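Colleague: So the sequence lines, in the order shown, correspond to chains Z and C. Going left to right, the first sequence walks through residues 60 to 751 as the numbering used here numbers them. Going left to right, the second sequence walks through residues 60 to 751 as the numbering used here numbers them.
Errors might be hidden in some of the hints.
As the list makes no split between identical chains, a pair holds if one copy fits it or if it spans any two.
Cross-link-like lysine-lysine pairs, in silico, DSS-like; alpha carbons within 27 Å at most [claimed, not checked]:
# : residue 1 : residue 2
1 : Lys-735   : Lys-545
2 : Lys-164   : Lys-462
3 : Lys-296   : Lys-596
4 : Lys-148   : Lys-523
5 : Lys-148   : Lys-545
6 : Lys-98    : Lys-475
7 : Lys-374   : Lys-523
8 : Lys-400   : Lys-115
9 : Lys-115   : Lys-545
Simulated from the structure, these hints should not be mistaken for lab results. These numbers come from a predicted model, not from an experiment.
2 protein chains.
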Amino acid sequence: MIRLRSTFLGFALLLALAVSASADEGMWLYTAPPRAQIKAKYGFDLTDAWLDNLMKSSVRFISGGSGSFVSGDGLVITNFHIGRGDLLKMSNAEHNYVRDGFYAKTPAEEMKCLDLELNVLQSIEDVTARVNAAVPADATGTDAALARRKIFADIEKESLDQTGLRSDVVTLYQGGVYHLYRYKRYTDIRIVFAPEEQAADFGGDPDNFEFPRFDLDICIFRVYENGQPVHPAHFLKWSATGAQDGELTFVSGHPGTTRRLLTIPEIEYMRDSQLPYYLQVIKRREVLYSVWSGRADENARRADSDLLNVQNNRKRSDGQLAALQDPVFFGAKVAAEQAFKQQLAATPNGKDALAAFDRIVAAQKIITGLEPRFRLLEDGAGFNSASFSLARRLLRAGAERPKPNGERLPEFSDAKRESFEQLLFSNAPIYSDFEILKLADSLGYLVEQFGADDPLVQSVLAGKSPRDRAAELINTTQVRDLAFRKKLYEGGADAVAAAHDPMIELARVIDPESRALRKTVEAQQEIIQEAHAVIEKARFALEGTNNYPDATFTLRLAYGPVKSYEENGQTIPALTTFAGLFARDDAHHNREPFGLPARWLAKKSAVDLTTPLNFVNTADIIGGNSGSPVVNEAGEFVGIIFDGNIQSLSGDYGYSDVQTRSVSVHSAGILEALRKIYDAPALAAELFNGHR
Amino acid sequence: MIRLRSTFLGFALLLALAVSASADEGMWLYTAPPRAQIKAKYGFDLTDAWLDNLMKSSVRFISGGSGSFVSGDGLVITNFHIGRGDLLKMSNAEHNYVRDGFYAKTPAEEMKCLDLELNVLQSIEDVTARVNAAVPADATGTDAALARRKIFADIEKESLDQTGLRSDVVTLYQGGVYHLYRYKRYTDIRIVFAPEEQAADFGGDPDNFEFPRFDLDICIFRVYENGQPVHPAHFLKWSATGAQDGELTFVSGHPGTTRRLLTIPEIEYMRDSQLPYYLQVIKRREVLYSVWSGRADENARRADSDLLNVQNNRKRSDGQLAALQDPVFFGAKVAAEQAFKQQLAATPNGKDALAAFDRIVAAQKIITGLEPRFRLLEDGAGFNSASFSLARRLLRAGAERPKPNGERLPEFSDAKRESFEQLLFSNAPIYSDFEILKLADSLGYLVEQFGADDPLVQSVLAGKSPRDRAAELINTTQVRDLAFRKKLYEGGADAVAAAHDPMIELARVIDPESRALRKTVEAQQEIIQEAHAVIEKARFALEGTNNYPDATFTLRLAYGPVKSYEENGQTIPALTTFAGLFARDDAHHNREPFGLPARWLAKKSAVDLTTPLNFVNTADIIGGNSGSPVVNEAGEFVGIIFDGNIQSLSGDYGYSDVQTRSVSVHSAGILEALRKIYDAPALAAELFNGHR
């Protein structure tokens with residue numbers, strides 16, 4: 060599965076840069092779609108009406124994925140692996156909706172999610188001139204950053220006040236362009252249908268990022284407002300025949316992060332520092348969660364989401380690191396940068412851009428030096444637990460809220476307030492045994508990394524072992540009590556201090572150093588960002604503007620045909636069928652993670668086994684695109700993205716359409732499963748007809 | 060399970076020091092058994108005849124475990140987890156003896172192991188004076204080490220020539236004492252019985268190092284010579300009633316390594332460097348092997364031993380690190396050393412010992428500085444594959460064999476020649492796909508650790524990615540061909556060079572730096588060793604000689620009663636039963652790793668469910684004791700060690716009998732299983748009667 064959840068890699072710079080596109084490459088802005096390329100290569104015209112309908116049918120899951128409206132009565136479809144966190148939050152020891160799936164036969168049975176937020180993009184406005192005007196020309200890194208943060212907050216608040224829409228200023232082309240994205244927010248989201256995990260994630264971690272593939276990775280919600288289903292003006296018409304081999308398709312979704320135009324020192328940093336560090340942490344966690352899950356079924360249920368998350372990130376990061384450790388792949392990046400620098404050297408104004416490269420080297424070096432402590436403190440790797448996250452949010456809210464909007468840490472700005480509170484006041488279950496396990500292990504990691512004699516470590520442990528200290532903190536903190544959180548959030552810094560909550564006091568102990576690290580790191584990131592802006596302007600001057608920016612978890616359009624590919628001398632067909640699913644299940648003796656649910660085995664004879672189940676196309680996607688609708692030239696829903704193949708894992712750093720493929724569930728396969736396996740004719744009919 | 064297999068931690072100093080014993084503490088030398096303590100506490104006399112019979116019935120598995128003769132017709136019993144490597148080597152895609160178990164109903168069906176070596180201790184001789192005489196008093200670290208290595212080799216060769224027995228000089232009390240251990244070697248070992256892994260390792264990794272426990276962790280071999288079963292003069296009489304709650308018991312086995320008298324800087328090094336590093340490497344491997352195993356059943360079979368090994372080591376090392384990260388446990392070690400140093404300061408000759416502490420600090424610092432490269436090169440963490448190990452053995456054999464015996468690296472000495480060749484010429488299967496997986500991952504680790512621009516890394520990769528280079532090396536080397544290895548080993552350095560084998564040439568590329576690192580590290584270890592000798596002599600002077608040395612994978616005697624313990628306010632009874640086993644299986648819905656084999660479920664009604672299955676006693680054991688016989692005062696076999704509880708994991712650094720327990724299979728439970736579940740009355744009768 061492809062998933063953008065963790066902000067762990069957020070510390071790596073989220074750069075938004077322009078690239079030159081070739082083949083079916085590109086995650087294109089809706090304001091600058093690749094009309095010419097598509098017309099030239101496929102003879103198809105992207106019309107404004109076609110684009111507008113697709114844009115307003117596309118949905119962003121703020122938890123880290125994509126989706127789309129597929130009925131006039133408010134149905135939204137996304138992946139099971141995007142909805143599974145919500146299913147889990149509604150599960151308990153009696154009801155396990157992840158394992159068993161869920162189907163609301165009547166509207167009354169539709170279950171309201173605890174803290175899910177959906178966004179639907181309504182408009183895009185260019186605010187570049189206003190942002191640039193607010194930043195003094197002679198401002199240095201930190202001052203420029205503060206000025207920019209302030210104008211972002213002002214623009215966002217003004218827009219929110221005027222329109223009532225969630226308003227985010229997005230940095231594109233590394234500060235070449237600033238756009239204001241306005242979203243309609245939905246927070247009453249109810250679950251309508253999910254298959255069993257064994258059907259949605261058939262093949263589990265072994266088949267993750269592999270193809271051929273056989274997953275019914277879907278989850279269907281209905282969006283409500285004022286207690287009633289919404290009737291969106293735009294939704295996608297369902298194609299019962301679905302994606303055809305060879306036909307041109309489009310993907311509309313929210314790719315999270317790409318790093319295609321990093322400079323070599325930054326890529327080296329990813330290869331030599333960030334990815335190895337990150338993999339070390341998540342492999343440690345993977346072992347921790349796996350072992351604990353093995354002790355009891357209930358443990359497995361409680362650790363389930365965290366475990367899947369680390370497995371998914373581990374497989375993706377392993378693939379990324381392998382790409383960067385390949386001298387051929389990496390050598391091509393080096394050669395491209397060298398050629399570009401030679402061009403710059405031969406250009407009258409190239410000197411500025413070359414100097415900008417040097418500034419990146421210097422800033423990167425400072426960041427790298429601070430990281431060992433930054434990662435454990437500000438990034439939280441030393442305090443892995445929901446309780447600590449809540450405690451720090453409460454502590455910082457008390458300190459940040461009284462400040463002027465533009466001077467707060469960005470996550471406390473007025474424009475992000477509703478989303479922040481949605482998270483802070485979530486009633487999703489937090490299990491103290493699992494919390495102790497995670498916190499104890501990460502405190503142990505803190506001791507390893509800083510050393511047992513480090514004064515901060517000694518303050519954190521307070522004379523106890525990591526295990527005993529974690530148990531004490533988790534067992535005595537009140538932050539898992541919603542009423543307590545509300546009281547402290549409303550009471551502000553004084554109430555927070557008066558509570559003497561041990562976990563909040565722990566967050567207070569590390570806060571001075573943690574904030575100081577963040578401040579320095581962000582200042583250096585600003586320097587890097589501005590250096591990139593200089594470099595990219597020089598690149599525009601040399602290479603023109605036929606480009607798309609790096610991904611920013613904002614809506615993009617990708618395209619490409621449904622297409623087979625060659626691997627180890629064999630042709631991998633573009634589509635798989637239900638017959639292939641049952642065959643693979645047989646080959647693994649119906650054993651986990653390959654075992655099909657009993658319902659599937661019982662209904663096998665009812666199914667048309669030639670029905671397509673999954674397929675691949677060449678569209679350029681990345682984590683965050685999970686759940687993106689795939690549409691045909693008629694704009695109809697023909698499938699839903701849920702993964703990329705193993706060759707796609709280099710996609711953070713580059714694109715090729717030779718073997719790289721996106722993997723989708725087929726729209727005909729979805730109808731077949733709903734009708735023949737899940738006895739859900741009403742839901743199938745609503746999808747087929749576009750209304751109830 | 061407790062297992063001493065990996066030499067990975069071998070780099071951590073294997074110190075043999077004296078300690079003051081309390082409670083039922085101690086892994087005692089057969090030359091200095093704790094007669095007085097046992098007499099005083101339990102009123103029992105250890106007689107020479109009793110000790111001689113137990114010593115000569117005890118068996119060492121050179122692959123890393125213990126066992127004992129239990130019939131006059133050559134039966135040896137050990138743990139399943141000690142025999143499983145041999146079972147695996149005899150398995151293939153058709154026969155899976157690890158999964159399905161094995162039983163030879165007739166002598167003709169007994170299967171010969173591929174490369175198993177057993178040792179039975181025959182005599183112990185004190186050679187301290189001769190060793191000390193051969194080392195000039197003014198020799199410095201390296202010179203002293205060379206002189207010692209030479210006299211070791213001389214003594215061992217002389218003894219081998221005279222007696223035909225395997226002869227090992229063992230360093231005890233950190234050079235206070237040197238003993239010559241003479242063993243009868245057996246190499247024709249045939250497998251008679253093993254249960255299914257699901258019965259032997261019921262509960263798998265989740266229940267590993269836990270109690271209550273329900274494992275039939277046994278494996279029975281028969282020892283042959285000249286094509287006939289041996290008739291050992293000494294073997295243990297089987298007790299059909301087995302261990303009784305509260306009775307005094309003894310454990311005779313081969314504990315591998317303890318570190319109870321390390322100085323604080325050395326323990327800090329374990330806590331801050333060695334254990335975190337080691338855990339990082341094995342958690343990385345655990346994830347690698349688990350994921351690959353999940354893709355196909357055959358993968359799982361091929362990776363099985365390696366995966367179990369890293370899981371076992373991970374759980375043990377996690378427990379050790381947790382003990383060292385506990386300020387109470389660690390603080391007690393610090394306080395003890397400080398008190399000792401104060402005593403030294405008040406002693407006329409204490410100055411020398413205090414200076415020795417400083418020498419340890421200095422030497423440890425040098426070792427710590429060299430380790431990042433030592434671990435990957437000489438310790439092999441950058442080249443994890445059987446093929447590389449074979450290639451390096453061939454390369455070094457060519458260089459070392461022509462040298463005088465005493466100047467060779469120790470593993471090439473004449474005395475170790477037979478064991479070395481047994482390993483080098485093993486015909487155990489090596490799977491190229493699994494080899495590529497392991498080598499690719501460890502080459503990637505090498506790139507991470509040294510950096511992609513490191514000249515040695517570039518030589519190793521030869522312009523390819525870790526994955527491609529690993530595939531090339533594994534697919535083109537001939538070292539997995541036994542005839543090729545024989546030819547090169549006999550042909551010596553010239554033949555090795557002429558072969559131009561790519562893996563051997565890779566080993567040659569890293570050999571200069573790898574050998575240089577080893578030389579420096581070993582010289583510092585010598586300095587540390589000699590400093591410890593000074594310190595321990597001073598300790599003797601202050602504290603007397605009522606001590607046992609740290610473990611050295613040589614035969615030791617431990618003792619203590621069968622005894623319950625308290626945990627989280629509950630009493631954990633000392634014995635478990637077959638009834639408890641079936642109950643735990645039910646609680647986990649007969650699902651792996653808790654699923655009992657079908658045979659067990661079918662035979663349940665035939666079994667006396669009150670029969671004891673596992674039990675605990677307070678005997679002081681450590682990894683390497685796996686398979687050790689537990690005997691009663693009559694010297695009868697009442698059980699077999701296979702694990703310690705989770706509280707025992709601090710045992711590397713200290714002992715307490717409050718909660719620390721050793722876990723055994725009960726002798727009555729073994730008979731019950733053989734008779735009622737495995738339809739093996741002949742084997743049960745041979746154990747019961749002591750002969751066929």
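Colleague: Are the hints correct? Go through all of them and say.
Modeller: Results for each hint:
1. Within a single copy, Lys-735 and Lys-545 get their C-alpha atoms no closer than 47 Å, and across copies no closer than 63 Å, so neither meets the 27 Å cut-off.
2. In this homomeric assembly, Lys-164 and Lys-462 never come within 27 Å of each other (Cα to Cα): the closest approach is 49 Å inside a single copy and 83 Å across copies.
3. Taking identical chains as interchangeable, the C-alpha atoms of Lys-296 and Lys-596 are never at most 27 Å apart, the minima being 41 Å within one chain and 87 Å between chains.
4. In this assembly of identical chains, the alpha carbons of Lys-148 and Lys-523 never lie at most 27 Å apart, being 33 Å within a copy and 46 Å across copies at closest.
5. For a Cα distance limit of 27 Å, the shortest separation of Lys-148 from Lys-545 inside one copy, 20 Å, qualifies, whereas the shortest one across copies, 62 Å, does not.
6. Proximity of Lys-98 and Lys-475 under a CA criterion of 27 Å is satisfied in neither setting, with 39 Å inside one chain copy and 76 Å between copies.
7. With identical chains, the CA atoms of Lys-374 and Lys-523 are at most 27 Å apart between copies only, with a shortest distance of 21 Å across copies and 35 Å within one.
8. With identical chains, the CA atoms of Lys-400 and Lys-115 are never at most 27 Å apart, being 41 Å at best within one copy and 76 Å at best between copies.
9. For the homomeric pair Lys-115 and Lys-545, neither the shortest alpha-carbon distance inside one copy (35 Å) nor that between copies (72 Å) is at most 27 Å.
When the structure is compared with the earlier hints, violations turn up for hints 1, 2, 3, 4, 6, 8, 9 and for no others.
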